[in-house]
Every structure is written in structure tokens, then in C-alpha cells.
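Each chain, letter by letter, is given below.
Number of protein chains: 2
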Amino acid sequence: MAAAKNAFYAQSGGVTAVINASACGVIETARKHTDKITNVYAGRNGIIGALTEDLIDTSLESAEDIAALRHTPSGAFGSCRYKLKGLEESKAEYERLIEIFKAHNIGYFFYNGGGDSADTCHKISQISEKMGFPIQAIHVPKTVDNDLPITDVCPGFGSVAKYIAISTREASYDVNSMAKTSTKVFVLEVMGRHAGWIAAAGGLAADADNDIPVVILFPEVEFNQDAFINKVKEKIEQYGYCSIVVSEGAHWPDGKFLAEQGTRDAFGHAQLGGAAPVVANMVKDALGHKFHWAVADYLQRAARHIASKTDVEQAYALGKAAVEMALAGDNAVMPTIDRKSDLPYVWDIGQANLEDVANVEKMMPKEFITEDGFGITDACRRYLTPLIEGEDYPPYENGMPKYVTLKNNPVAKILNTEFEI
Amino acid sequence: MAAAKNAFYAQSGGVTAVINASACGVIETARKHTDKITNVYAGRNGIIGALTEDLIDTSLESAEDIAALRHTPSGAFGSCRYKLKGLEESKAEYERLIEIFKAHNIGYFFYNGGGDSADTCHKISQISEKMGFPIQAIHVPKTVDNDLPITDVCPGFGSVAKYIAISTREASYDVNSMAKTSTKVFVLEVMGRHAGWIAAAGGLAADADNDIPVVILFPEVEFNQDAFINKVKEKIEQYGYCSIVVSEGAHWPDGKFLAEQGTRDAFGHAQLGGAAPVVANMVKDALGHKFHWAVADYLQRAARHIASKTDVEQAYALGKAAVEMALAGDNAVMPTIDRKSDLPYVWDIGQANLEDVANVEKMMPKEFITEDGFGITDACRRYLTPLIEGEDYPPYENGMPKYVTLKNNPVAKILNTEFEI
Chain A
3 MAAAKNAFYA
13 QSGGVTAVIN
23 ASACGVIETA
33 RKHTDKITNV
43 YAGRNGIIGA
53 LTEDLIDTSL
63 ESAEDIAALR
73 HTPSGAFGSC
83 RYKLKGLEES
93 KAEYERLIEI
103 FKAHNIGYFF
113 YNGGGDSADT
123 CHKISQISEK
133 MGFPIQAIHV
143 PKTVDNDLPI
153 TDVCPGFGSV
163 AKYIAISTRE
173 ASYDVNSMAK
183 TSTKVFVLEV
193 MGRHAGWIAA
203 AGGLAADADN
213 DIPVVILFPE
223 VEFNQDAFIN
233 KVKEKIEQYG
243 YCSIVVSEGA
253 HWPDGKFLAE
263 QGTRDAFGHA
273 QLGGAAPVVA
283 NMVKDALGHK
293 FHWAVADYLQ
303 RAARHIASKT
313 DVEQAYALGK
323 AAVEMALAGD
333 NAVMPTIDRK
343 SDLPYVWDIG
353 QANLEDVANV
363 EKMMPKEFIT
373 EDGFGITDAC
383 RRYLTPLIEG
393 EDYPPYENGM
403 PKYVTLKNNP
413 VAKILNTEFE
423 I
Chain B
3 MAAAKNAFYA
13 QSGGVTAVIN
23 ASACGVIETA
33 RKHTDKITNV
43 YAGRNGIIGA
53 LTEDLIDTSL
63 ESAEDIAALR
73 HTPSGAFGSC
83 RYKLKGLEES
93 KAEYERLIEI
103 FKAHNIGYFF
113 YNGGGDSADT
123 CHKISQISEK
133 MGFPIQAIHV
143 PKTVDNDLPI
153 TDVCPGFGSV
163 AKYIAISTRE
173 ASYDVNSMAK
183 TSTKVFVLEV
193 MGRHAGWIAA
203 AGGLAADADN
213 DIPVVILFPE
223 VEFNQDAFIN
233 KVKEKIEQYG
243 YCSIVVSEGA
253 HWPDGKFLAE
263 QGTRDAFGHA
273 QLGGAAPVVA
283 NMVKDALGHK
293 FHWAVADYLQ
303 RAARHIASKT
313 DVEQAYALGK
323 AAVEMALAGD
333 NAVMPTIDRK
343 SDLPYVWDIG
353 QANLEDVANV
363 EKMMPKEFIT
373 EDGFGITDAC
383 RRYLTPLIEG
393 EDYPPYENGM
403 PKYVTLKNNP
413 VAKILNTEFE
423 I
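Heads up: the protein sequence lines correspond to chains A and B, in order. Going by the working numbering, the first residue of the first sequence is number 3, and it counts up by one from there. Going by the working numbering, the first residue of the second sequence is number 3, and it counts up by one from there.
None of these hints come from the bench; they were simulated from the model. Note that this is a predicted model, so its numbers are computed, not measured. Watch out, some of these pointers could steer you wrong.
All copies of an identical chain are treated as equivalent in the list; a pair is satisfied when it fits inside any one copy or across any two copies.
[What the hints assert, rightly or not] Pairs of lysine-lysine, BS3-like flavour, derived with a Cα cap of 30 Å:
| no. | residue 1 | residue 2 |
| --- | --- | --- |
| 1 | K182 | K85 |
| 2 | K415 | K182 |
| 3 | K404 | K311 |
| 4 | K286 | K93 |
| 5 | K286 | K258 |
| 6 | K93 | K182 |
| 7 | K409 | K104 |
| 8 | K104 | K404 |
In isolation and in its complexed conformation, chain A is listed as follows:
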């Protein structure tokens, strides 16, 4: 039997309501196998923590605090936006990582992120082999954008989808109440610069019992102002009001985002604004209706208070599976969610090779968007509905959710050499 080694775990890119549930799955599972995994070191602020030898000793956290990660949003160890490029271009970084892993007897690398980190994870597996200190590199999927291939869904997405679907329903009830004499149009801006998965979730606000007019602006559909205004006009004539969900990635045929409105402030500086006010003002100019608009921004991806139970379970299960795959000797792989059926939603854990995951972006399929380009089809609804199923409320104290803040004590440095990031 191979000697026990340490594991390294890091969170990468934008955090989510459930990335800590994956961390919880990794750490709790590793703690059951101390014969093979001595300790889990976490990177403080993601991969930067490895590059700067700033490791967190997770063994100093109580079982209770680790369990509380399951219901705590954000990245408990800190995340970062730091992209490693090709093996040649970023050679110094890759070599530094292997050097650190060697110094701290790290044999397992768990990287919790999106497409870029899947690529990094893959490269670390390759270079460690070449450098004669083989690391088993396992990618744990995470991204609210839901754009990773092969897996049925990416943890983080289901909870954002639930938040956006519920928020759109609630705000629609509100506008409907006010529409007779006041606001007739409500615009909600959501995340998703390239893929319209989150915007699509706004469509779930309507169902058989909730006849709500929702017009969606997807990044996958080139914006057609006339068609859009006509659609909104038609909905207002029929319902008296209209809700609009606009993706931050919605854009004109020339690729320019709706949010880039060319406005200047009093000093002539280009003004940054959202897509929502642009769309709202456009409707006002064309149809004259009073509007309200909201930009959900971080609220949507941090909303652990209304996380999808399915999402939390999957996030945990993927963290757990990553450790089990490492223990089984797997390398350069990513555990996936495999959908077996829609209704009831049955899923189990599959496995993808990282070479098939890296640099592939999963967009909304054409058959998920209605022909007019402004709504979701039944096929899309069948896909989305199970992902928001179930509630998984965090504990509360004094009316507020009780989230955990870990101690995050450092591992003693061994190399103690500077590394410029």
C-alpha cells in the first residue's frame, strides 16, 4: 500500500452558494481515509495560496465547523481570479506548484472551479508526471454559468436558478398588483455573459398555476429591438403588465452588449451601467410605461438562504466523489452528474476525462429557446425544473442565517521562498 500523502484543495473563480458544500464533501470524505490522506491543505485565496506557500491547515477546524460549510455560501478559504496559461507560457507557476506540493508531501490536487480551472487541473497532472512527482489531479466542477460540458449541471447553477425563478415570480406578483395605475414593466438583470442558462430560469416564474408574462433576453439570441418592443407591447395588452429578464450578456447583432450604452457622466467619462436600466428606458421610450428594474448581481449567486436542495446535495456528492476517485487511483478526471431521468429526477455520479472538459463551453441548445427567441420551451423546463427542486434552509439565529467563518490557520512554511504572482 502506498504511503499516505496530503491533499490540496482550492476554490477558483467566482464563488457560489454551494461551493463550500463541495469543500465539505472533500474534507469530510478525506477525514474518513486518514490512512491514505493525512491532511487536507486548502489554498488561501485559491491557487495563489499554493504559489505563495500560504496553505491552510483544515485539520485544525472542528467537525462541526466543517459540517457547517455545507450551508455556508461563498468560498470559505478565499478564491481568486488567476488563470494559469499554457505549460510553456506559465512554466514558472507550474514548476512552483510542483515544488510546493513536493515540499508538503501533497499527492492529491482537488481543484474546485469552472472551465479554466479544469484546464489548469489537467496541466498540473501532466507536468507533475513529467517532473517525476506525480500528482493525482481531480477537478470538482463549479460554476453558476452552467457551461461545463458532459455533466448534467454544474453545482452553483441550481441555486442561482431557484433564486432567479422565485425572484421573478415574486416581483411579477408585485408588478401585477401595481399595474393599473403605476408600474407596468419590471426588468431583472441576471448573470451569464456567454450562456443564457440563468436567464432561462426566469421562465420558471410562470407555470400552469402562475400565468405570468415573462420576456427573456438571452445572450444566445441577437437583440432585435423592434421584435422585443412588439413582444412587450403584446404582453402588456394581454396581461396589463410584463416582466423582463435580461442576461448581462444580451447583445446587439454587432456583438455590443446592451449594457454598453455609450453614456457619459458630467466629466465626460464613459459611464458603466447595467443592461436592466437600458432595457427599461427603451420600453419607456417606445411605449411610455412606468418601469422598475433590479440588478441581482452577487445576491443571486450568494443566496444560500434559498439554495436548491438538489444543488446542495450534488455539490456535496461531487466533492465526496472527487476524493473517492483519487483514492481509487484516478487522475486528470472530473466527477459529473449523470441524469438518468427527468421526472422523477434520478441522477448518479459519472466521470469525465479532463481533456474532454477543458475549453469546451456548453451553451443553451436551440431547442430550449422558443422560436420567437424570448422564452423557454417545454424541453428547457423539463431540464431546469429538477435542478431547483427542494429547499435546504440554513440554521438561523436572531433572524439571521448562521454561516461559518473558519479559523483558517496557516500550515508552517517549509520552502519559505518568495514567489512573485
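Dock chain B against chain A, hints included.
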């Protein structure tokens, strides 16, 4: 014993997560006293429904659907922004109301709204007396702005406060995770044009277990750009990040709202934007940090999914009390929440005369805002904390909250005369 009469109930102004809980309290209580209150007629779209003789027959709604109002946000009968002015100025409207009430044998008027509707309610009581068809007019308080006097709190506010406190905490955890290499500043814009109660709730994101830097911009405090930038700089130096909660009513010393940024679009039109992007860009210009911003808008007042249990209970209790006061012969009054103690929060129902309520706006007291003008004091915390206590989750189906849409069948018209609104 007086002969039984009908009651009229209407929702007024901006709706909330719990105004329907008050409607539920009114209707369920009235249904227990059919010897005195034959039926509750609701105004379709508020007082406009009375003026146009568009009444809703609530007796046609099932007990189950009326009970479901307790967990349904928005205004189930429709609301409106339609202000009746003085008795002389709006004489035609007041006389029309009495005419309608007379035709439909309405002896009780329950008006569910804010300051303006308290005033209307008071005037209806006065004019009905004068016109020889006395109506018992009872005001049921409602406003997310929490600016009504005498009552400890206004239903609707506690749930917005809970939503803003939780959202600020969740987003702060998120920014904290990203701050090392990316976003260091998060700005959340909240409602409250005149009073900073909602903004104050953002301060609850931090507590003894959650050391979160929250800088609040109140409408009660004239904006001082240098002091603000210094405060944010100080927080970022100490914490690595900063959360900012800005009231839509935050303004410069000359009274100009921060949101009025004087920007022009490509066509030279004045551009409407929020206060959040203005504040975010201001910090970016001064300190250079990457930011994110959100505008909660309707999401905050419609967020029944995370309503405060205290708020729901109080909203219901006030609706119930309004009917009981009517049955006891009271007139031109408003049931209030009387706070008996902070911890544990003990409250009961009191009563205010409408002449003391109308046209009085309750602002944040000076001792609730810290000396630097950017935070909340312990006194404020003692006031706010009980109001967000407890969760009151709605039922869910397929991952979505199950809100009720009533049948809202009309009452047959008796007068059937046109009235121009």
C-alpha cells in the same frame, strides 16, 4: 343590535410581502362575525375599485385560498397609486365613495396602506358622518418605509429588513472570498426615499460572529464624498474589502439625489440610473478597486420566501384587530404594534387616532445612526433585531413557492354609473 352591514377592504400604494397577511386577518376575522359583517368586498386595484364600482366578492373565495393569502406576497386584489386630496379639492371622489358604500350597504371601511391612505381613511370617516351615512373607517398600517408614527413598526418593513440584512451578509461573504485578486467593493441599493430604515437593516449583516465592514449611506445624512471615500478606504485597509448599502434617497447637501448623475445617452437624453452604480464608480475613481453593485428594487419588498415571521404575525394581527375594533364600534383609528420589551420581544396591539397618524413621517432618530454617519448604533440594533426574528416559509411545489391567485369575481353593480378617475 345594529343590522349587519358589508365591509369594504382596499390595498393602497406599494405592495409588500405581507400586506396579503393583513387581508387574510381582515377576511378571516370578518367571516367569524357574519351576524355583523355580512360580506367583505375588496376594491379591485385599491380605492379605484370603489370609485368605479368594481368590487370583488371575497365570499366566493374558499377558506383555503383566503388562508393562502397569509403566505402570498403582493396585493391580491390589486393596489393603486391614487391619492385623494382634501375634502374640498377631491369632493367628487369622497361623495362618490359614500354613494357606492350606501348602494352596497357598506358600513365598515378598512384601508390598508401608508400615510396617505391613513389621511384618506380619516377623511372618509369625517365626510360620511357629514353626509348622514356614517362609515366606521379603520386604517390597517402597511409600508416597507416604516415611516408611520405611533406604531412600533409598519407591516412589510420587517420582511424587507430581513431580506436586506441577509442579502448584505451573503454578498459580503462573497466579496470577502474574491477580494484578494478581484472585487473589493460591493454596493447594494435599497429602497427608502425619505427614511433610512431599510438601509439601516443592512447593518444587521454584521454581528458578534460576523465581523463584516458595512458602510451605510442614509437619506438622513447629507452625503459627504471625502468622508465616505475615507471610510471605505479605511475599511478596505482593515478588512481587504467593503460592503456599502446605499439608500435610493441618499443625497448631496443641496438635496440632489446621488442617483441623479447628470448622464446623457447617445441621443442626449438624461439617463436614469441607480445610486448604486454612481457610488460604485465613485469608489473606483478614487481608490481604483474593482466593484460589483446590485439594485434590489421590487425583489426586496416582494421576497415572501424569506419573510420575517414576526412581520407576518403582526400583519395578520393588525388585520384581525382592525375588524375587532370595527365590531367594538371604533372609528377613525388605526391598530398599532406596541412594544413592551426588546429582548425578548414582547408586543401587543394598541390603537392610534387617525388624526395623530395622518401626515406625520417617522424618520430614523439621530441616536440610531453612528456619529460618523455611516453605521447603526446598538440602540438601532436593539430596535431592528426583533423585527426580523423568525422565518415563515411558504409552501413549495416543484421547487417553487406556491402563492395563491384569487378568483376575484366582481360584485354585481347596483349604481352602474360611470365615474371618471
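Structure-based check of all given hints:
no. : hint          : result
1   : K182 <-> K85  : between (51 Å within a copy, 14 Å between copies)
2   : K415 <-> K182 : between (66 Å within a copy, 20 Å between copies)
3   : K404 <-> K311 : both (17 Å within a copy, 17 Å between copies)
4   : K286 <-> K93  : neither (54 Å within a copy, 33 Å between copies)
5   : K286 <-> K258 : both (21 Å within a copy, 23 Å between copies)
6   : K93 <-> K182  : between (64 Å within a copy, 23 Å between copies)
7   : K409 <-> K104 : within (25 Å within a copy, 69 Å between copies)
8   : K104 <-> K404 : neither (38 Å within a copy, 54 Å between copies)
Taken one by one, the earlier hints fail for this structure at numbers 4 and 8, listed in ascending order.
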